[in-house]
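Undergrad: Letter by letter, the chains look like this.
Protein chains: 2
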Amino acid sequence: MQPFDVHILGCGSALPTRKHLPSCQAVNVRGKLLLLDCGEGAQLSWRKTGLNWQNITHILLTHAHGDHVFGLPGLVSTMGLLGRTSPLFIHGPAQLRPFVQCILANFCKDLGYEVHFQAVDTEAHTIIFEDRSMEVWSLPLSHRLPCCGYLIREKAGLPHIRREMIDFYEIPVWAINNIKAGAGWELPDGTAVPHERLTTPPDRARAYAYCSDTMPRQDLIEWIEGVDLLYHEATYAETETALAEKYGHSTALQAATVAKQANIRRLMIGHFSSRYEDENVLLQEAQSVFPNTILAHEGLKITP
Amino acid sequence: MQPFDVHILGCGSALPTRKHLPSCQAVNVRGKLLLLDCGEGAQLSWRKTGLNWQNITHILLTHAHGDHVFGLPGLVSTMGLLGRTSPLFIHGPAQLRPFVQCILANFCKDLGYEVHFQAVDTEAHTIIFEDRSMEVWSLPLSHRLPCCGYLIREKAGLPHIRREMIDFYEIPVWAINNIKAGAGWELPDGTAVPHERLTTPPDRARAYAYCSDTMPRQDLIEWIEGVDLLYHEATYAETETALAEKYGHSTALQAATVAKQANIRRLMIGHFSSRYEDENVLLQEAQSVFPNTILAHEGLKITP
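Note that the protein sequences, when read in sequence, are chains A and B. Residues are numbered in the working numbering as their position in the first sequence, beginning at 1, plus a constant of 249. Residues are numbered in the working numbering as their position in the second sequence, beginning at 1, plus a constant of 249.
Copies of the same chain look alike in the list, so a pair counts if it fits in one copy or across any two.
DSS-like cross-link-like pairs, simulated, lysine-lysine; straight-line CA separation at most 25 Å:
id	residue 1	residue 2
1	Lys429	Lys404
2	Lys495	Lys358
3	Lys429	Lys281
4	Lys281	Lys550
5	Lys281	Lys404
6	Lys297	Lys268
In case anyone wonders, no lab produced these hints; they're calculated from the structure.
Chain A with its partners taken away, still in its complex shape (with noise of 0.2 Å):
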């Protein structure tokens, strides 16, 4: 299969402590890299993870606190000095164009490269952006200020060739781009080879729904209704449920049971409460609603 792989740089919340840098995912969706938020210290933790900076072709922020961007400052300053050229994608909401403009224009005048702030409207599900690998969907959430998840659904690709078929019918190679796009093959002696007897089916398109921060809301159980992967913030443990709801964030629990009515292949918890030495609470409370979840944690990479 082609790579799809999520790679969690941070997954703290907004206090730093030594053990979560805040929240910044980065996407392989078959070699295009996006940026799930970009929490201070991104372009640091970026560099253990062996991928390369040229190829991160959009930013996407979820709002705008400081521990999901003071990161970007830096990214985009470092990707200058590394000689970039290609442009450069942001998207979030349109309370953070001031944070972008204000950068570009103090400390960023000889960059090599053209930044372009597209603001999302954090109210609607719509799609933010597509190319022939993937269809990027806002997810609206429900936090202290306009806020929005990402939904990345990666597009069916093309049919694999039964290489023994290929040889058995002596097929010429101009003739494989035709058969990938769904014809057949004609014998000299007329006969008809369908395609399907020459290839089989293209590979799952998997889907992977990135929601932090967020109160617990029942819309998105729709959206992303079948996902192979989500993650949802979950902040805190059910005994603090008030404070979660007070913050607009959620608990494991509150997770878990989003993950359960959607319907969702996996779970992924992350944005923890510094209060949790041991984030094995929020595990178990979320495993005991939806038990294919796991734990966040700096430097694991994971594939829908």
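Starting from the known structure of chain A, fit chain B onto it as the hints suggest.
TA: Frame of chain A; chain B shown alone:
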């Protein structure tokens, strides 16, 4: 002696490496904490010092390059989350004012403390502020944009009381502060005991100069004459003198020459270019001119 410690939080240059964080130092002068520059990750490495955020009174920024200031937004926000109430003074070239304003306006609406930005005249060697414990002076530097270093000069403390003399002459507690302030003591028979017999001289007043980023600068030598510790940038080795000049930096040899001419006690070099895997090249070069040189490194705590 009362504490006067320099903690190195970051001593790399613009490009992030696995080894170094960008420029930041914490200076503890008798319990008051100053930050010198505030590169990305400052709040993360701060935690490792064990120092108390609440005691940061001033942040002294040298210039408007990202690798010296991109840690400021996170630090200011986090101190707010942690309940800081005492005002914070940020000093730096006027070019940094829009950046500070942008952060305050967009991310710090509920900040529980006041932030005062005070522009520093980067052309003048003058007192920035002083209190009972220290004077802080600006040090004009020569970089690609307005830039100044800082000189922290401890004020002479009070003489030390000789406990055995106090006991011998049966001097009451109420008289101690007068004696510290310079008074002598009169015995019941009218004999005068001189101040000098009751005390030992105050501790030596120490000085620390922080010079990053700069080309070697002749008038600096006079301003930092005889300081106990000088941090001078040494971005390059002598083989890269042309690059140093082009980008407004110093070589290790140049830094050591400044140290020698200024007749200082100890030199610490830093702001290393990412090209040097082994920074001993820089150390040996500096030591060939000024033997009492050390390399800065993250986690180092050093007393002037």
